Structures are given as structure tokens and as C-alpha cells.
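**Student:** Protein chains in written order, with this note's numbering: chain R, 1 to 396; chain S, 1001 to 1396; chain H, 2001 to 2141; chain P, 3001 to 3141.
Derived by calculation from the structure, the hints in this document are not laboratory data. Computed from a prediction, not measured in an experiment: that's the story for all the values here. It is possible that some hints are incorrect.
[To be verified] Below, computed lysine-lysine pairings styled on DSS-like, alpha-carbon distance capped at 30 Å:
#: 1; chain 1: S; residue 1: K1269; chain 2: S; residue 2: K1085
#: 2; chain 1: R; residue 1: K85; chain 2: R; residue 2: K222
#: 3; chain 1: R; residue 1: K85; chain 2: S; residue 2: K1085
#: 4; chain 1: S; residue 1: K1085; chain 2: R; residue 2: K237
#: 5; chain 1: R; residue 1: K85; chain 2: R; residue 2: K237
#: 6; chain 1: S; residue 1: K1085; chain 2: S; residue 2: K1237
#: 7; chain 1: R; residue 1: K237; chain 2: R; residue 2: K222
#: 8; chain 1: S; residue 1: K1222; chain 2: S; residue 2: K1237
#: 9; chain 1: R; residue 1: K85; chain 2: S; residue 2: K1237
[Unchecked claim] Residues from chain S that keep clear of chain R, each with C-beta distances beyond 10 Å, as calculated:
#: 10; residue: D1062
#: 11; residue: G1071
#: 12; residue: A1093
#: 13; residue: H1118
#: 14; residue: V1194
#: 15; residue: G1233
#: 16; residue: R1263
#: 17; residue: D1264
#: 18; residue: D1319
#: 19; residue: L1343
#: 20; residue: A1375
[Said to hold, decoys possible] DEER-style ranges, computed between Cβ atoms:
#: 21; chain 1: H; residue 1: A2100; chain 2: R; residue 2: A371; range: 44 to 52 Å
#: 22; chain 1: R; residue 1: D370; chain 2: H; residue 2: S2021; range: 25 to 33 Å
#: 23; chain 1: R; residue 1: R137; chain 2: S; residue 2: L1343; range: 53 to 61 Å
#: 24; chain 1: R; residue 1: L290; chain 2: H; residue 2: T2029; range: 22 to 30 Å
#: 25; chain 1: P; residue 1: V3137; chain 2: S; residue 2: E1366; range: 26 to 34 Å
#: 26; chain 1: S; residue 1: G1060; chain 2: R; residue 2: G346; range: 36 to 44 Å
We treat Cβ as the ideally placed atom computed from N, Cα and C, and that holds for glycine.
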Amino acid sequence: MERRVYLDHAATTPVDPEVAEAMARVLREVPGNPSSIYAEGRRARALVDTAREEVAAAMGADPSEIVFTSGGTEADNLAIRGVLKAHRPDPDASGPHLVISSIEHHAVLDTAEDLERHAHVRVAVVGVDGTGRVDPRDVADAIGEATRLISIMHGNNEIGTIQPIDEIGRVARERGVTFHTDAVQTVGILPFDVRTLPVDLVSVNAHKFYGPKGVGALYVRKGTRIATMQTGGGQEKGRRTGTENVAGIVGLGSAMRIATERRDGEAEKQRRLRDRILEGVRARVPAAVLTGHPTERLPNNASFCFPGTQGEALIVALDLEGFSVSSGSACTSGKTEPSHVLLAIGLEREVAQGSLRVTVGRDTTESDVDAFLAALPPIVERIRSVSAEPLSASAR
Amino acid sequence: MERRVYLDHAATTPVDPEVAEAMARVLREVPGNPSSIYAEGRRARALVDTAREEVAAAMGADPSEIVFTSGGTEADNLAIRGVLKAHRPDPDASGPHLVISSIEHHAVLDTAEDLERHAHVRVAVVGVDGTGRVDPRDVADAIGEATRLISIMHGNNEIGTIQPIDEIGRVARERGVTFHTDAVQTVGILPFDVRTLPVDLVSVNAHKFYGPKGVGALYVRKGTRIATMQTGGGQEKGRRTGTENVAGIVGLGSAMRIATERRDGEAEKQRRLRDRILEGVRARVPAAVLTGHPTERLPNNASFCFPGTQGEALIVALDLEGFSVSSGSACTSGKTEPSHVLLAIGLEREVAQGSLRVTVGRDTTESDVDAFLAALPPIVERIRSVSAEPLSASAR
Amino acid sequence: MIERSEAARPEARREQQDLYSAAAVDHFTSPRNVGGVEEPDGKGSDTNPACGDRTTITVRLRDGRVTEARFRTFGCVAAIASASVLTELAAGRTAAEARALGPGDVISALGGLPERKEGCALMAVGALRAALVDAQVRARA
Amino acid sequence: MIERSEAARPEARREQQDLYSAAAVDHFTSPRNVGGVEEPDGKGSDTNPACGDRTTITVRLRDGRVTEARFRTFGCVAAIASASVLTELAAGRTAAEARALGPGDVISALGGLPERKEGCALMAVGALRAALVDAQVRARA
Ligand SMILES: Cc1ncc(COP(=O)(O)O)c(C=O)c1O
Ligand SMILES: Cc1ncc(COP(=O)(O)O)c(C=O)c1O
Chain R
1 MERRVYLDHA ATTPVDPEVA EAMARVLREV PGNPSSIYAE GRRARALVDT AREEVAAAMG
61 ADPSEIVFTS GGTEADNLAI RGVLKAHRPD PDASGPHLVI SSIEHHAVLD TAEDLERHAH
121 VRVAVVGVDG TGRVDPRDVA DAIGEATRLI SIMHGNNEIG TIQPIDEIGR VARERGVTFH
181 TDAVQTVGIL PFDVRTLPVD LVSVNAHKFY GPKGVGALYV RKGTRIATMQ TGGGQEKGRR
241 TGTENVAGIV GLGSAMRIAT ERRDGEAEKQ RRLRDRILEG VRARVPAAVL TGHPTERLPN
301 NASFCFPGTQ GEALIVALDL EGFSVSSGSA CTSGKTEPSH VLLAIGLERE VAQGSLRVTV
361 GRDTTESDVD AFLAALPPIV ERIRSVSAEP LSASAR
Chain S
1001 MERRVYLDHA ATTPVDPEVA EAMARVLREV PGNPSSIYAE GRRARALVDT AREEVAAAMG
1061 ADPSEIVFTS GGTEADNLAI RGVLKAHRPD PDASGPHLVI SSIEHHAVLD TAEDLERHAH
1121 VRVAVVGVDG TGRVDPRDVA DAIGEATRLI SIMHGNNEIG TIQPIDEIGR VARERGVTFH
1181 TDAVQTVGIL PFDVRTLPVD LVSVNAHKFY GPKGVGALYV RKGTRIATMQ TGGGQEKGRR
1241 TGTENVAGIV GLGSAMRIAT ERRDGEAEKQ RRLRDRILEG VRARVPAAVL TGHPTERLPN
1301 NASFCFPGTQ GEALIVALDL EGFSVSSGSA CTSGKTEPSH VLLAIGLERE VAQGSLRVTV
1361 GRDTTESDVD AFLAALPPIV ERIRSVSAEP LSASAR
Chain H
2001 MIERSEAARP EARREQQDLY SAAAVDHFTS PRNVGGVEEP DGKGSDTNPA CGDRTTITVR
2061 LRDGRVTEAR FRTFGCVAAI ASASVLTELA AGRTAAEARA LGPGDVISAL GGLPERKEGC
2121 ALMAVGALRA ALVDAQVRAR A
Chain P
3001 MIERSEAARP EARREQQDLY SAAAVDHFTS PRNVGGVEEP DGKGSDTNPA CGDRTTITVR
3061 LRDGRVTEAR FRTFGCVAAI ASASVLTELA AGRTAAEARA LGPGDVISAL GGLPERKEGC
3121 ALMAVGALRA ALVDAQVRAR A
């Protein structure tokens, strides 16, 4: 493959070489099942325990509060389905059983919808302002007598906006409602400490901080009532059964430890590169619309809409020149609608179609950024110039 | 670690070095998310597609019929929860909604129980004979008007008995009921072809055939109605969402391909070693009780009960001498009851407590078996001699 | 050793697979006949309701033949490439022949399109047909 | 490089961790005082209802002191080791002292037991206390 510039770290990150090596070593040398009590099993168990300590330490949690999952999607599903199952929502009490925001990841959004359809769960969706922020007062207003869970994400994966989860958590505490936050885009990237944050459940995902895909964790605060989603052999103290993904869990633990060590330095470095993109795009493509909050955003996230263009066309054109970026309206994945997040912040459908997300990472350099900034304007211009009467109504 | 003899291949197998290398290569060299349309993403997607073809080919399936999961437990849960969710069981029609056997893995058994408690699913449990075989006529008798799914395993993980799934499948077909089989202990080990077997859903698990832990698959025959258990980004055509465990899936595919190549030779070799254990134990420990079917059993499985002993004591004593084996009554895992399988085949509780499972694998040699056969009798004798009035009632 | 096993495994081939054919990429990066025909004889548009993409095609006709066709597309790679290649396919054909061009012609001229992108070829075809109908109506007026 | 990182990581320590302490293993593989005291002064049993394990202890007393205690255990490693070490702890103590021995004494004499194995120590203690009560009853009879 030619030299490429990977600028889609919010989608996934390459595996840290030390993490890959630790996993390869487990695959080669640790044959046991952690449930087995003989030597090979104990060794595998010890590795899982160590990883649990590493994940817990990074969040200020107790190891017993960490449940390993197969990723962020499962963590979100387990949090929502598990809490509602444990509470058996009262159909007669007033108000929603579940409160979410309009910019949640599909793992939360579609789960809420699925429970609405199949499990008689009532869902309230709290809106956001034009920068993608939830107002904690709206959350307070949404809570009813029947409300059992609030699920509002920490950092948004598309536009990077960070939610005031401390305030939302305080609202939840005051009203005695369990609070879940999808922190897949923040844990490992920003400080996150459950000793000070009023959160009860937190979704975490290894492949967003240089760990492997297919492994994540759910933090479950001691005393939180949660039922299991997947029943079986009783692993993870019955909260998530199935033979442990030992190599993956070791990868998650190591990645978490390394990410925590590098976190503050990386956040600062990436924020600088990110700002270089924000300013560079503003200067070179004046029509560009910044999406997300100007300051309360993930340090690695630069996201825009380019009116008159379409997301997939931008991505493919940039890909052909060696840049990997993404869009909230990639219509190849079968999703032909512009993203719900872009619509939720009030963008016109046609503007939202031209969305582009650029997310820097550990290996991103200034010259990568400058190469991207040089490549982008002619591509935007070319695509825009092909488009039919941009922003006007169809002639049909 | 000293030289050890690993004889617990039914619990898990070491990862094939070629599989470990293929996975390490993915971890090191393939940074992309399969959902991304740029080069790195397409490369990851191609690897997932190849693995899907490898798994499908091994079972005579079409690649579109393979859904990747996080293991056997999830495959079982998805099959059962998914089919019942898609069919919305009719509470008024007569008969059970779900028919299972009494010797299913906990991933099936506990899921049935959970659905009974939380989702108003009615479950019928079909018994087995003293060898652990289900009588297909009992399955036919259990089916009622409301029956939507039959879930009966192929090879039992504890006692090795193989079920007549072809006959059970024919019964299911005749009655128009969907049929799931947990083939975690057989796919990759025995021939399994969905073109000739009347099965609709099949659970598969990489770590039982020298692949990694934490990845499996569910075969879903075209046209089978199944809903998703885990909602989110829409991967696996919406049947199982969440970013794909790319390295794990590559491991599953390679392990499946290699297992299929080696299958018949290994089955024969392992059957010979297994028979050497069966005969050796019979000759040296006359009190040993064989569990499972004398001939219709997994080629790698030798399992017994030794009256007057207790499983954990046997395992620990053998572990101290370098042998790794397991028991259906390992009370350390928090399971203090003797296994439901051993009780289902009609063993007294106290006899069932002394169960021992020995499962050979690719690397097992004749001298491993002979070393085990030399070590076992004095251990059984020592533990038996400590035990208080074996087989009589408590003196209390 | 790794290299050998790489060569042997199907993935080595699969890894090369591209989303879009070379022809589609070429029509996307160097679209032909972008813009509008001056004083066109016919003009037509079509939209893809699934995604909001839109294509407008204008045509010039002489003696019942398409002498020029131009397009504008707001949409994805497949939408742009489809319209671009269709303006080439249409040129030189009689109006009846041009109206007979279907999405299959577009897709095969592009050397294939990814799954679920058939709608993009259909949109280009819809716009061209609308332009030709428009030309017919105007000619009668 | 791998070796260095191994040494630095906590897992290197954790990997050594054993299920049972050396003392528990020793009492399991070489149990002391197995069997029954001949013509015992007291005999007691206890079972662990959670798993069906059972221990029987017989004792001989001289001048109010335990001179000999023997056990039989049907059960797991912890059950056997607990009974074995308890027969040693009891020997030489007065009946009252022996009755005061609790599961904590057994567990610390074994250098610890795995989680969820406290019931095994309790069973040994229960059997010894039953034997001592039996001896007291017989002595009064
Ligand atoms: C905010 C957020 N939540 C959940 C997920 C789901 O994680 P995964 O796809 O790895 O299961 C992602 C990643 O795609 C994410 O960005
Ligand atoms: C028959 C059977 N079914 C299901 C499972 C569950 O697989 P896993 O624990 O890997 O999820 C196993 C393995 O333990 C098994 O042997």
C-alpha cells in the first residue's frame, strides 16, 4: 500500500505495537481457559485479573466494578437492557422509563427503539442545541416517576461535542435515577474518574485507544442493579457470561495502561493538530461549516460540512489521494440518510450530506495535517462544481 | 512452567501457531475498521469476508448464512433469544414455545430459564437415557402448537454423547419448527454439513478447534426468522451489531480451515488415544464408571466417575503432578452442585461428585496417555481412602 | 514464511478489492460533460428519494439525434459517475435509442457498481429520459 | 525486550499465583490423622449442604485433653486440608480449647483458603465440635 495518512481515529485506531505483542504472546503461550483451576487456567485467570486492575485503575474504579464485553456496542446494550431488565419497568407509573439524548450512538439509540418496540419501554429523547450540547435542565424535565435509567454519552463520535455529564449525573443522583454514559470516545483520551463523576455505568472500548477491536468493558458502580443480557456459564460473576476473550482482554488492559500514561501529552499534541485543521480549513474553504462545539469537543476531532458536496464523494476522492477520513453520511454502508446527529444539531439535510470528519491520533504529524489541508480544497471545489444547482430545490 | 500434559481440550484448545501468526499480523498491520470505505477499511472488510467464506465452506453453508459472534455462549443466546423474539411467542397457543434437552450447555439451559422468568416463554425439557441420548420421539411428543424453536446440542461437552440431530431435525421439519443445535463441540472436529443436516441454526466456537477465545459464529439458514439481540451500528447485516473483532474473526476462519483439513486424520488419531484411556482406566481402576455413550461419543472424550472421590480433589491432585483435566463438579467455580448432565443421566449425587473428564487433542501423544494412566490410580486410591464412609448416608 | 502464506491465502487476493471500478473512479475524478447545454432542447431532473441525491441533464438534438448531453449531480461517486458515463452513451444516438438506455447499460459501461448503488444508475437514466421527454414536448409545442 | 516488559508488568507476579497455599496442598497430598480413633471417646460429623461434602472426626480424651483426633472427609481439597490441619490443632488442647477453635484458626493454619471455601473450614470445625459434644455426653452418661 502506498504511504497513507490515516485521519479517522474516531472510527478505530491502529493497535499499539506493545499491545499487539502482548496479545500475540498470550495467543502463543497461554493455552488455558480462565475457568479451569489447573496451572494453565490459573495463568489465564491471572492475566484477566491483571487487565481488570489496569482498566479499573485508569478510571478510579474497583476491579470488581469492571465487566468485560465484546466492545462498545455490547457495553451500551448491557447497560441499558441490563438495568431495565433488573428494574422491570412499571408500565403504569408516569413518564419515560429511559431518557436518552438525540445524538447518542446507534448502540444506544437503536437499543432504546428496540426496547420501545419489543419490551414496552417508554423512551424520552432529549434534544441538543446547535453545538450538540444537552441542557441538564432538559434532562431534569424529562425524568418522570417511572424513569429508571438515563443514558447520555460523554463525547460524541461524529461532531466531538462533550456533554456536561457531571451536571447530568448530579440531576440523576438527585432524582435517584441510574445514570449510564457511553464514554467510548473519551476514556483513554480524556481524564475520567468515577470517584468524582456521578455516573453509575460507563461504556469503554479498546479499539478507540489503540487496543484491539471486539473487546470493551462496562463499569458498573457497586450497588447498581443490573441483570445479565447473555446467560450461560457464569463468567464475570454472572454479569456477562461466556469464555473470556483472554488475548483481547489483555490487549484492552495494556492499551488502557499505555493510554493513561500518554493521555495528557497526547491530548495536548492532538488538540494542537486538530486546531491546525480547524483553522486551515476555515482559511482555505470559507464555505465550510464547523459542526460541534467550538471548545467543548474531543481533542482529536475536527468536523465540518461542505455545502454542495456529498460525504461519500469527499471520502472517496480523499482516499484516492491517500487520506482516510469519514463522514456522517456515508451512503455505502446502507445508511442513505444523513446522520441523526447532524440533523439533531439543526443542519439542513442537504448541508448535512456534505459532512466530513477528520480525527487525528498518536502518529499524526504536522506534515500529515498540512498535506491534508493542501489536498482538501481542490477536491471540495471539484465536487461542488459538479453538483446540480446546489442548495436550490429540485427542478423536477 | 514444568512440562505439563494438557488433557482438557473440551474446555479450550491452545491456539494453532499459524492461527496466532495470522492474528498477530492483523493486529500489527491492519488498522482499519471494516465499515470504513477507504483502503484500510476495505482491507479489514476483505479479511472478514475471507474468514466468512472459510467458516461457510467448512459447513457447506453460504457465506451470507454466517453471523460472527463473541463465542459459543453468544451464538446460543442469539439463536434462542433471536428466534423467539422474531416469532413473538403466542401466550395462548398450547404447548411449550421452546423445547430443549436436559443436558444442554448452560448457555442454552440458563437462557431458557431466563426467558421463562423474564419473557413468559414456556420451556419443555426433554430427558435423556443413561448414556445421555435424547430420543427423537420424546422431542416429537414435546412439540405443541405454540412451539417455535427446538434447541438440542450435537456433542455434549461433559460426557461426549452425540445426539441424533439428523432425526431430531427431521422431526422439527415435519412439524415446521425451527431447529437450533449447539455444535460447539463438533464443528471442526467431526464432519458437519448443513446441505444434508436438517438444521436451521448452528453454534460454532473458535477456541474449541485451536482458534482464539472470544469469537464464534452462528449459522443461520437462509429464510430463518431471527431478530437481533444486540442493537447498534448495523454490522453483520443487522443480525449482530458492533465493530467486528477483525483479528479474532481471521483467527476463527484460519482455525476452521486448518481444522477441516486435519479433521479426519485427527479424529482417528484422537479416537485411538481416547480408547487407550477408556481401556486403561477400566483395567486399572475397576470401580470407575464410564459416563456417556459407549460408541456415540466425541472422538476426544473420555469421562468417568470415581465413587468415593470428589472432582476438585482429583483435578488438583493431577494438576500437582502436571496433568490438566476437568470435572463436572468443580466446586471452585462457585458451582457447588454436581453437574446437571451427570444428574440427568441418572447418577447418584455422590457418584456424580467424583467425575473426571479427560479430552485429548492434536498434540496428545501415547506417552502422555500412558503417563496419565500411571498417575491416576494412586491418586484415586489416596482420595478414596480419605473419604468418610463412601456411599453411605451422613452420620449426623 | 509470512510472505509465502500470504500468497497462498485467498485474503491476499481479496485485500486488493476496490470499492469502485477503475472506470467509475475515472468518471468520478474526471467527469465528462459537466454543466448545462446552452439553450438546450430538453432538460430533465431526477432525485434518489433514498438519499436526496439529484441529477439534472440537458440535451441538444439535431435531426432526432442527441448531439450533446450535459449533467450536474449532487450526490455520491456512483451518482456522478453514472451521469457522466450516461452523457457519453447518449451522444450520437437517436432520441429513441437514448431513451432505451437503462441502468444496466450504465452499470456495465462503468464496469460494475457496488451493491446497493443501482439506484444511482437509475437516477441518471431518469434524468436523461426526462430531458428527452421534455425535448419531445417542446418540439411539438 | 519481551523479557524486560514481562518483568515490569504486574502479570509476571500474578501468573505465579496458586489456587491453594503450600500448607493446604501439603495437608491435601499428605493428610495427617486419616481414619478413625479406635474406641473413640467422641465421634462427630458435619456436612456442607452447599455441595454434599462430609467430614467425620473421632477423638480420644485423657484428663480433659484431646490426645488423638482422626478424620475422614469426602470432599474437595479445602475440606480435606481443613480436617487434616484441625486434627493437628486439636491434639494436646483441652476439650474447651479445642471447642473454641474456629474456621479462622483453620484458615490461618493453612495459610489461607481460596474465596468461597470458608464453608470447608467450617465443616471441619463442625465435625470436631460435634465429636467433643458427643464425648461430653458419653462421659456424663
Ligand atoms: C460513542 C460510541 N459508542 C459506541 C460505539 C460502538 O463500539 P463498537 O462498534 O466497537 O461496538 C462507538 C464506536 O463505534 C462509539 O463511537
Ligand atoms: C457445548 C458448548 N456450548 C457452548 C459453550 C460456550 O462457549 P463459550 O464459553 O466459549 O462462550 C461451550 C464451551 O464452553 C460448549 O462446550
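**Student:** Report holds if the minimum CB distance from V1194/S to chain R is greater than 10 Å, and violated otherwise.
**Tutor:** holds (24 Å)
**Student:** Between K1085/S and K237/R, does the CA-CA distance stay at or below 30 Å?
**Tutor:** Holds, at about 26 Å.
**Student:** The output says D1264/S does not contact chain R. Does that hold with a beta carbon cutoff of 10 Å?
**Tutor:** holds (24 Å)
**Student:** Is the Cβ of G1233/S farther than 10 Å from every Cβ of chain R?
**Tutor:** Answer for G1233/S: violated, closest chain R Cβ roughly 5 Å.
**Student:** Please work out if K237/R and K222/R have their alpha carbons no farther apart than 30 Å.
**Tutor:** holds (13 Å)
**Student:** Can we confirm that no CB of chain R comes within 10 Å of the CB of R1263/S?
**Tutor:** holds (20 Å)
**Student:** Is K85/R within 30 Å of K237/R, Cα to Cα?
**Tutor:** holds (17 Å)
**Student:** Does the Cβ-Cβ separation between V3137/P and E1366/S fall within 26 to 34 Å?
**Tutor:** violated (58 Å)
**Student:** Classify the label on L1343/S as holds or violated, using whether its beta-carbon is more than 10 Å from each beta-carbon of chain R.
**Tutor:** Per Cβ check, L1343/S is outside 10 Å of chain R; nearest 17 Å; holds.
**Student:** Take a quick look at D1319/S and tell me if its Cβ sits farther than 10 Å from every Cβ on chain R, holds or violated.
**Tutor:** violated (4 Å)
**Student:** Does K1085/S sit within 30 Å of K85/R, going by the straight-line distance between their CA atoms?
**Tutor:** Within the cut-off at roughly 15 Å; holds.
**Student:** Going straight from one Cα to the other, do K85/R and K222/R come out at no more than 30 Å?
**Tutor:** Status holds; Cα separation ~18 Å.
In summary, the numbered hints that this structure violates are 1, 11, 13, 15, 18, 25, 26.
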